[in-house]
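Residue numbers (our numbering), protein chains in the order written: chain A, 1 to 266; chain B, 1 to 342.
Because the hints were derived from the structure by calculation, they are not lab data. Warning: the hint list may mix true and false statements.
To be verified - Here are the simulated DSS-like cross-link-like pairs (lysine-lysine), alpha carbons at most 30 Å apart as the crow flies:
no.	chain 1	residue 1	chain 2	residue 2
1	A	Lys186	A	Lys55
2	A	Lys186	B	Lys178
3	A	Lys186	B	Lys72
4	B	Lys178	B	Lys135
5	B	Lys72	B	Lys135
6	A	Lys186	B	Lys135
Next come the chains, spelled out residue by residue.
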Amino acid sequence: MICRPVEWRTRLALGVLSVVLLGFGYTWLAQRQHANNPDDRTIPTWSQLGEGVMKTVRPHPISGEVWLASDAAATFGRLGLGLLAGVVLGVTLGLGMGCFGPIEALCLPTVAAIAKVPPTAMLAVFFVLVGTQTEFYVAMIAFGVTPILAQTLYRAARDDVPDELLQKAATLGASTFELVWNVVFKQVLPRLIEVVRLQIGPAMVFLIAAEYAAADQGFGYRLRIEARKVNFDVVYFYLALLAASGFLFDFALTSLRRWWCPWFEK
Amino acid sequence: MSYATAESVSMTTAGVDPVLELDGVGHWFGRNRVLRGIDLHIARGQIVALVGPSGCGKSTLLRAILGTDPPKAGQVRMNGVAVDRPGRDRGIVYQRYGLYPFMTARENVAFGLMLDQTSLPQRLLRFYPWSRQRKRHLELADAWLRDVGLSAAADRYPHELSGGMRQRVAFAAAKVMKPELLLLDEPFGALDEATREDLQQMLLTRYAENVAAVAGGQPAPHTILIVTHELNEAIFVADRVVGLSQYWNWRESGYDDCPGATIVYDQPAPVFTPGSERPTDAFFKQRSEIRRVVFDTTARTNPADYVSFWPHWAGQATPPTFGGSVLGAASAAQRGSGVDDE
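Working from the sequences, and respecting the hints, build out all of it.
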């Protein structure tokens with residue numbers, strides 16, 4: 001069995017089977033729970049889940065707010081800005097450290113030390129330093145992803161770019177900036193996309209934790225409020241949405257890598 | 001086929017057009033002495049093979065010429081100008097091809113033109129002139145790929161090409177810049193025998209182009225220094241073989257430890273015309289001599305005994321042993337006559 005490839009039909013059938021089993025398991029669990037307690041809301045039935053979904057997509061009777069729209073806009077806006085800040089800082093630091101000795105000597109110890117601090121432990125610090133507006137969430141995400149991105153790109157710039165390619169570009173007349181942009185950056189680009197893809201999960205963790213603690217909109221905030229009210233119909237729907245968005249980001253970044261770096265898919 | 005055997009005659013480099021000059025070049029890393037007293041002059045149009053045992057400093061010497069690691073003693077000059085950094089007058093092809101994996105074959109060849117003729121701000125801010133220029137670069141790259149027989153593979157990435165095809169692209173990418181000197185660092189080391197022979201024929205073609213150009217009164221277009229560990233290849237593709245070795249008679253010069261490798265062998269090699277079969281037996285004598293003088297770990301060669309290329313050449317009124325050589329053509333052109341193939 002070990003190392004024997006699985007045929008794609010078998011793979012597909014097994015994948016579908018796991019989803020079906022999960023659905024059956026959940027249905028059985030919900031029925032059993034409701035047989036004991038018909039008012040249970042911790043494991044809602046499928047019809048209760050449907051009501052939960054409708055609650056999030058219809059305008060709220062008092063505020064008129066559509067929860068899903070406002071929460072998604074808040075969360076994904078913060079995630080996008082945080083990742084953008086993290087990528088810009090991470091690429092600048094990583095390429096700087098990987099290409100220039102003095103920058104490496106100056107920044108590497110600090111970046112390595114910061115990478116060891118759990119970002120969620122910095123909640124209180126950022127809360128005091130930047131308040132609870134968008135900057136707070138952007139800082140949390142950037143603080144979490146920048147050191148990993150910078151360290152990965154630093155290693156990639158040093159290890160993945162053969163000296164021969166740099167020497168050859170130099171003989172062709174490349175300036176220092178052209179060496180960094182036209183050779184090093186192009187070479188490490190697929191690794192950058194890959195590490196961003198892998199950092200979306202941790203970034204979501206930092207963001208949801210921050211929203212859980214301080215937001216008045218967003219997925220983290222809604223999860224906290226609805227869990228406190230034992231509205232698990234909404235909680236499970238939001239969790240499913242977070243999982244789906246994770247798949248979507250994953251797919252988008254993998255496609256982007258295939259499109260921008262077809263040479264990497266060898 | 002025409003070829004000639006090496007013979008030693010006393011001469012100097014006067015009267016030729018030197019492209020590369022190394023005078024007293026030495027290099028060391030800490031206490032590790034790598035090179036010492038390297039004197040090497042390469043004339044325009046020559047194809048020179050550099051051979052030597054592992055660890056003798058061939059790559060260090062190549063980097064010194066390339067300018068990425070300038071020597072700590074002596075001087076490297078290109079066309080009389082001291083070399084202290086890489087420049088477009090020197091192109092390089094590596095054993096592992098040195099192709100940019102994120103560019104197609106065509107883009108790899110056009111890369112040097114882009115770097116040489118435009119700057120990043122120009123490319124970003126003057127988009128339309130740049131796009132027109134880019135089109136010209138790509139057309140030129142296509143022409144060079146055609147020249148090395150790879151027009152059909154222009155849009156393929158390096159990982160989609162065979163080893164021989166990659167090396168041809170690397171060769172085209174280096175030649176598109178028209179470097180004064182092309183450095184080949186064990187270029188065929190990773191190739192199978194058939195592909196290797198195919199590319200060796202390509203070098204013979206370049207040499208024939210040199211001879212024809214010089215015979216027609218034009219400067220030779222290709223000057224090549226090829227580092228190789230394969231002696232048959234060195235003798236076959238080059239018109240001159242240079243041996244670098246740490247096994248020389250340094251004790252007799254008063255040293256307790258080896259002060260670095262130096263040139264212990266510099267002799268003409270037979271000149272072949274393109275399409276020639278490799279008559280291995282024919283250069284058995286020279287191969288044995290190189291092995292004994294350059295590679296034998298017990299050898300204590302006196303460099304003066306075998307470094308006699310220029311003494312052999314200079315002052316020679318007629319070059320009877322260099323029937324098809326570029327220097328022979330130069331000499332014949334100076335005399336106002338053509339060169340006969342022997």
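I'd like to know which numbered hints this structure contradicts. Please list them from smallest to largest.
1, 3 and 5
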